[in-house]
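Take the sequences, apply the hints, and build the full model.
The sequence shown: position 112 = 112 (the UniProt record's numbering), numbered continuously.
Possibly wrong hints are sitting among the right ones.
To be verified - Restricting the straight-line Cα-Cα distance to at most 35 Å, the calculated cross-link-like pairs of lysine-lysine (DSBU-like) are: (1) K29 to K143; (2) K143 to K59; (3) K163 to K83; (4) K32 to K59; (5) K9 to K32; (6) K132 to K143; (7) K158 to K9; (8) K29 to K83; (9) K68 to K9; (10) K143 to K83; (11) K9 to K83; (12) K41 to K29; (13) K143 to K32; (14) K143 to K68.
Unchecked claim - Ranges of calculated distance between the beta carbons of each label pair, as one might list FRET restraints: (15) A170 to E58: 42 to 52 Å; (16) K59 to A170: 42 to 52 Å; (17) K168 to D55: 41 to 51 Å; (18) P165 to P65: 29 to 39 Å; (19) D121 to R24: 20 to 30 Å; (20) N67 to S174: 35 to 45 Å; (21) L164 to F92: 23 to 33 Å; (22) K59 to S171: 22 to 32 Å; (23) V28 to S174: 36 to 46 Å.
Quick caveat, the hints were computed from the structure, so don't treat them as lab data.
Don't be surprised by glycine CBs; every beta carbon is placed ideally from N, CA and C.
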Amino acid sequence: MDLFEAIQKRHSYRGDYTDRQVSRDDLVKIVKAGLLAPSGKNCQTTRFVIVDDPDIIEKIKGMHPGNKAFQQAKAYILCVIDKAPEAIYEGFSFEVEDCAAAVENMLLSITALGYASVWIDGWLRVENRAEKIGQLLGVPEDKVVRIILPVGVAAEEKSQPEKLPLEKRASFNSWNL
Numbered sequence: 001m002d003l004f005e006a007i008q009k010r011h012s013y014r015g016d017y018t019d020r021q022v023s024r025d026d027l028v029k030i031v032k033a034g035l036l037a038p039s040g041k042n043c044q045t046t047r048f049v050i051v052d053d054p055d056i057i058e059k060i061k062g063m064h065p066g067n068k069a070f071q072q073a074k075a076y077i078l079c080v081i082d083k084a085p086e087a088i089y090e091g092f093s094f095e096v097e098d099c100a101a102a103v104e105n106m107l108l109s110i111t112a113l114g115y116a117s118v119w120i121d122g123w124l125r126v127e128n129r130a131e132k133i134g135q136l137l138g139v140p141e142d143k144v145v146r147i148i149l150p151v152g153v154a155a156e157e158k159s160q161p162e163k164l165p166l167e168k169r170a171s172f173n174s175w176n177l
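Structure below.
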């Protein structure tokens, strides 16, 4: 699948997954795509935990009973960043942005490889869920699970929701929106 096709097909998948497993080779390809994402001052701060152990998957999926994709995932990829990131440029840190860039690369790779996923972030921030998952996986206390991607093969074909046209979201040379 070419890049622009993957961009057009990528969507947040919250439906059922098939029973087909996600190969470890594909999980490595997906995370390597995340590693290739840009990062502020090339600090490469984002770390990843790849979960494909069925026993650990069972423990994690029990934490989010309302999301089909989360419940039926055959693997999870977790993005981990520092809780108190170090400023690297003019008093700013870029760990959240670095994580986001890595996640987008991985989401496109997931799509290109024939899998589906959904970016889970907000859910992790309530009821100490990020900390609970971090403890389960041995994430050090100075780090936080910022994003979790459930990965599987979609059981149903879905498409990206309609996006606003270019002229409603972009203009050349000045703000004309």
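How the hints compare with the structure:
Of the supplied pair hints, the one linking K29 and K143 holds, its CA atoms being roughly 24 Å apart against a limit of 35 Å. Among the hinted pairs, K143 with K59 is consistent with the structure: their alpha-carbon atoms are about 20 Å apart, no more than 35 Å. At roughly 34 Å between alpha-carbon atoms, K163 and K83 fall within 35 Å of each other, so this suggested pair holds. Distance hint between K32 and K59 is fulfilled; the C-alpha atoms sit about 26 Å from each other, no more than 35 Å.
Restraint check for K9 and K32: the C-alpha separation of about 21 Å stays at or below 35 Å, so the hint holds. Taken as a hint, the K132 and K143 pair is honoured in the structure, with Cα atoms around 12 Å apart against an allowance of 35 Å. Distance restraint check for K158 and K9: the Cα-Cα separation of roughly 9 Å lies within the 35 Å cut-off, and the hinted pair is therefore satisfied. A hinted pair counts as satisfied when its Cα atoms are at most 35 Å apart, and K29 with K83 qualifies at roughly 27 Å.
Only pairs whose Cα atoms come within 35 Å are accepted, and K68 paired with K9 is accepted, the gap being roughly 20 Å. As the CA atoms of K143 and K83 are separated by approximately 5 Å, the hinted pair is consistent with the 35 Å bound. Restraint check for K9 and K83: the C-alpha separation of about 33 Å stays at or below 35 Å, so the hint holds. With a C-alpha separation of about 24 Å, the suggested pairing of K41 with K29 holds against the 35 Å cut-off.
Between K143 and K32 the alpha-carbon distance is near 21 Å, which keeps this suggested pair within the 35 Å criterion. This hinted pair checks out: K143 and K68 have alpha carbons roughly 27 Å apart, not beyond 35 Å. Judged by the Cβ atoms, the range 42 to 52 Å given for A170 and E58 holds: they are separated by roughly 45 Å. Between K59 and A170 the CB atoms are about 44 Å apart, so this pair conforms to the stated range of 42 to 52 Å.
Judged by the Cβ atoms, the range 41 to 51 Å given for K168 and D55 holds: they are separated by roughly 48 Å. The hint said 29 to 39 Å for the Cβ distance between P165 and P65, and at roughly 38 Å that hint holds. Judged by the Cβ atoms, the range 20 to 30 Å given for D121 and R24 holds: they are separated by roughly 25 Å. At roughly 42 Å, the beta carbons of N67 and S174 sit within the given window of 35 to 45 Å.
For the hinted restraint 23 to 33 Å between L164 and F92, the CB-CB distance of approximately 30 Å keeps it satisfied. In this structure the hint that K59 and S171 lie 22 to 32 Å apart at CB is violated, the actual value being about 48 Å. Range check, V28 to S174: Cβ separation about 45 Å, and the 36 to 46 Å hint holds.
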